[in-house]
Amino acid sequence: MSTKPKTASLLALFAFIVTFAGRAQILVNGIATPVGSGVFHYEFSVNNTGADDYVVVSLVDAPLGDPLIDPSLVSPLGFVSSYDLGLGFVDFIGDTDSFTPGTHISGFSFDSRAKPSTAFREFEALSALGELVSGRVNYATVPETIPAGWLLAVSVVGAVAVRGRLGCQSGTKPQKRSFSFQPTTIHSSAHP
Numbered sequence: 000m001s002t003k004p005k006t007a008s009l010l011a012l013f014a015f016i017v018t019f020a021g022r023a024q025i026l027v028n029g030i031a032t033p034v035g036s037g038v039f040h041y042e043f044s045v046n047n048t049g050a051d052d053y054v055v056v057s058l059v060d061a062p063l064g065d066p067l068i069d070p071s072l073v074s075p076l077g078f079v080s081s082y083d084l085g086l087g088f089v090d091f092i093g094d095t096d097s098f099t100p101g102t103h104i105s106g107f108s109f110d111s112r113a114k115p116s117t118a119f120r121e122f123e124a125l126s127a128l129g130e131l132v133s134g135r136v137n138y139a140t141v142p143e144t145i146p147a148g149w150l151l152a153v154s155v156v157g158a159v160a161v162r163g164r165l166g167c168q169s170g171t172k173p174q175k176r177s178f179s180f181q182p183t184t185i186h187s188s189a190h191p
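Just so you know, we're using numbering that gives the first Met the number 0 here: the sequence shown kicks off at 0 and counts up by one.
Calculated directly from the structure, the hints in this document are not laboratory data.
Watch out, some of these pointers could steer you wrong.
SDA-like cross-link-like pairs, simulated, lysine to any residue; straight-line CA separation at most 20 Å [unchecked claim]:
| # | residue 1 | residue 2 |
| --- | --- | --- |
| 1 | K114 | L84 |
| 2 | K114 | D83 |
| 3 | K114 | D69 |
| 4 | K114 | G87 |
| 5 | K114 | T32 |
| 6 | K114 | G37 |
| 7 | K114 | G29 |
| 8 | K114 | F88 |
| 9 | K114 | E42 |
| 10 | K114 | Y138 |
| 11 | K114 | L63 |
| 12 | K114 | L86 |
| 13 | K114 | G85 |
All chains, full assembly: derive it from the sequences and hints.
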């Protein structure tokens with residue numbers, strides 16, 4: 000029994016896997032920023048580190064019937080965006096431009112009530128050759144803003160703690176501190 004056909008088959012399979020893995024290098028990065036009243040502002044960028052040209056990148060897990068997405072869609076120059084409220088897709092489509100190899104395209108954005116943990120996590124990308132790749136969106140979530148009441152409460156507690164540390168230790172009264180200021184005259188050595 001010859002091992003040449005097995006070796007050739009394994010090499011062919013390895014070459015196919017390496018070629019496919021090298022070509023399907025689309026990365027979608029997202030940032031979700033809470034803007035108040037349960038609304039999030041989403042921003043996305045697409046990196047193409049592979050060898051193929053991609054024409055459409057779709058977020059395939061958008062909420063159905065979201066009234067905020069469509070009117071707030073923004074795309075960079077050369078691209079258009081669309082929202083299919085029946086299927087739950089947000090598409091970033093090359094119009095006069097595309098996701099060419101080696102590019103980083105940013106500027107896709109919209110608003111939604113959907114939380115980052117429940118939507119906009121999965122994407123699919125269609126190459127100019129008709130190949131479909133899929134992946135997960137890489138997120139950097141901006142922390143929610145702190146309500147003003149909490150910020151005021153923390154400030155008051157901090158001020159009380161600092162005052163206690165500087166003055167009233169072990170039941171003693173705070174000591175008065177005096178400062179003296181001595182005016183100083185500055186002379187110039189420059190002659191007119």
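20 Å limit on alpha-carbon distance, applied to hinted pair K114 and L86 = Judged against 20 Å, a Cα distance of about 18 Å means the pair holds.
Between K114 and G85, is the straight-line Cα distance small enough, at 20 Å or below?
-> 19 Å, holds
Quick one, are K114 and E42 close enough, alpha carbons at most 20 Å?
-> 13 Å, holds
Restraint status (C-alpha distance of K114 to F88 at most 20 Å) | Holds - the C-alpha atoms of F88 and K114 are around 16 Å apart, at most 20 Å.
Regarding the pair K114 and Y138, is the alpha-carbon distance no greater than 20 Å?
-> Distance ~12 Å between K114 and Y138 Cα, so the pair holds.
Agreement of K114 and G37 with the hint, judged by alpha carbon distance not exceeding 20 Å = Satisfied, since the Cα-Cα distance of roughly 8 Å is no more than 20 Å.
Regarding the pair K114 and L84, is the alpha-carbon distance no greater than 20 Å?
-> Holds, at roughly 17 Å.
Taking 20 Å as the top limit, are the C-alpha atoms of K114 and D69 close enough?
-> 17 Å, holds
Restraint status (C-alpha distance of K114 to L63 at most 20 Å) = 13 Å, holds
Decide if the proposed pair is consistent with the structure: K114 and T32, CA atoms, cutoff 20 Å inclusive.
-> OK: K114 and T32 at ~10 Å, within 20 Å.
Taken at face value, is the distance from the CA of G29 to the CA of K114 at most 20 Å?
-> 13 Å, holds
Does K114 pair with G87 here, judged by a C-alpha cut-off of 20 Å?
-> With Cα atoms ~15 Å apart, K114 and G87 stay inside 20 Å; holds.
When each numbered hint is compared with the structure, no violation occurs for any of them.
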